[in-house]
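Taken in order, these protein sequences are the chains called A and B. Number 391 marks the last residue of the first sequence (the UniProt record's numbering); no jumps. Number 391 marks the last residue of the second sequence (the UniProt record's numbering); no jumps.
Since the list can't tell identical chains apart, any single copy or any two copies may satisfy a pair.
Dumping the calculated SDA-like pairs for lysine to any residue here, alpha-carbon to alpha-carbon at most 25 Å:
1. K107 with A126
2. K140 with V90
3. K140 with Y120
4. K298 with T46
5. K298 with V91
6. K140 with L115
7. K140 with R373
8. K298 with V82
9. K107 with T131
Derived by calculation from the structure, the hints in this document are not laboratory data.
Number of protein chains: 2
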Amino acid sequence: MRLPDSFYSTVRARLADALDVRGLDGFLATTPADVAFLSGFFYIATERPVYLWMPREGDPLLVIPRLDEEYAAQQGVTVETVSYFEFPGVVTAEQTLGAALAGRAPKQIGVSAGLSIGAYRALSRALGGSTLVTTDAVAKLRLRKFPEEIPFHEAAARICDEMLGAGRELIADALRRGTELPREDEIARHVIGFGTDRMYADYDLVVYTTKLAGGLVYAGPNSALPHGLPTRRRIRPGDTLILSLGAAVASRFVESERTFVVGEPTAEQQRYYEADQEAQEVGTQAMRAGRTCAEVNKTCLDVLRGHGLGDYIRHRQGHGIGLQNHEAPWVEDGDHTVLEPGMLLSSEPGVYVPGHAGYRISDTVLVEETGPRRLTGYPRDLASNIIEEVR
Amino acid sequence: MRLPDSFYSTVRARLADALDVRGLDGFLATTPADVAFLSGFFYIATERPVYLWMPREGDPLLVIPRLDEEYAAQQGVTVETVSYFEFPGVVTAEQTLGAALAGRAPKQIGVSAGLSIGAYRALSRALGGSTLVTTDAVAKLRLRKFPEEIPFHEAAARICDEMLGAGRELIADALRRGTELPREDEIARHVIGFGTDRMYADYDLVVYTTKLAGGLVYAGPNSALPHGLPTRRRIRPGDTLILSLGAAVASRFVESERTFVVGEPTAEQQRYYEADQEAQEVGTQAMRAGRTCAEVNKTCLDVLRGHGLGDYIRHRQGHGIGLQNHEAPWVEDGDHTVLEPGMLLSSEPGVYVPGHAGYRISDTVLVEETGPRRLTGYPRDLASNIIEEVR
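Model the full structure from these sequences, guided by the hints.
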């Protein structure tokens, strides 16, 4: 499960240009997503620092804990690697980096603004003659996905759609058999297990990411809390339920979320569902190169407001997706980023009616030259998402 | 699943003292663990900031995204709460905080060194007249667990030990039935499901933490990589396997890890196992108030070195555990923290033989006045951890 070498060489060439423009001698990657993006090394983030030095010219250098040496080799990482023994260490990760860079003497080192104050200080002490400067060089590079990344997002999208089907089927099967309906937490475990299993079946080396396959499942009043956790509440006939699922192949994320109704929908359920579906359709179609995130978000949420549901909005239309399940740009009023081909976004307006239920439909959408393309394809119309009671 | 109010009032009184000593007007908590520690509010960490203002005098204030308002209420959070609509927002989280604090005019605000440079800048801009100063006030308070926290760690320890039993039983059952042995990923899913189910069965409101129940399972050569991921490799007779499990109740973490051998151990397996068990026993008994982390770590790892296994060491003896599964202090050569009653530590020396297997035994250990007390109690001797083949 590795991206082709051509991806890494393209990324490095583009980074070198970006550093040149900014007058930086190199970029020091300090987060799992940036390190994976630039080197293909994936690791479990702990307090043990990992640093990837990407000079404008010359060879990259990876600093990892001793613990991860064999794991990096197994992943086929080709970047020159030095290790420190442990955290905090008699010789720290920062000192190890400093010693390795001593002969190379970079003056201006770019870092992400996500770096902690503590790490910034430790690095500044260890890299005596260098100045650390925050830069958006890598953040900008990650905004538009590279062609080599798309198949991985597409693979994750297929798994995610199948997870939705597996969740729906668990409930449908219980209805057919006349057995007890599953609980929220049982459905969550079932679909996550299904997705993880698909991942392991399809790929030789499943690399660590913050999530292989994950999800939230909530029904009835619980679904009105966008960030609650699945509970032991059993699904009941008449329930609205949301399956909010995500998956990542080679840490390329996707989300696919659908709302289902168990049995014949009431007029109320139909109203909220169809308003949300309309907002999602209009908002998704608005995701075109040249428009700003803020404009797209307003176009989408105005559909809900137009239906008199403004009080039931709890969040923006969506967010960027890539090596993180949430990343820039943000499809929200405060983000004026202009959409460009290659950007990958969630489109997920929601309607949350306290005490009743929540309604959310989310696709992962690629902005292409010709318009938006949904990578996730599970049916979105209400008729398809009624889980029939059997009499 | 809430700690008693007495816990929060004690913590606040202790924090006020610590702020007083440091000349700070308050502490601004910016991480999920610090916010949960000080207020009892648990949330899914995303790019949407959560800020908890803890003044030296007066009432705390919580700033959360609109999305989490109902979730906070469900958790019974009693701190005064204001919300901002979304990230990045037309009015940002930082500006919302700034407006709410405008009348209170704190001069010196303590923050954790884990705060990002980006957030530091946004906060500094939004809190005009205030200066942000990094402080260890809360980190120090979290070093020694409070009496009210211990029952939650103990509850997590029981679940963790039972997860080990469930994993072992999955393999033993297949051996008894003569069916195919499970794969690493199947065992991992089984034990995580078991632990999560126990959590939901025992508690009304399971709050979000970075992990409810989790684990790594690796056997044979895979187990020689401390941070690899479970694969689809099936367990085989003769395998060494590690179950590395963790759980958190009310986000109070514990880990319990054991090594098993399938069938009669070879002399080689016995040698590595018993050396690791001896190091774990000696290292655990060394976890006494008054000794430094570095001394304890050396005492522990010297046992492995004494057995000629120094080349197979990949990591320190252990780390602190609390609201995070890894937190200070670090039981490592570079940490000279003096152990005190109330500190909670993992004791987990490991032996990793490339191409053969890994051996690790981990308990979660509470430093008490009278000596170390293991919260986890799964058997540690080799005889108990042989999973018998049935002929």
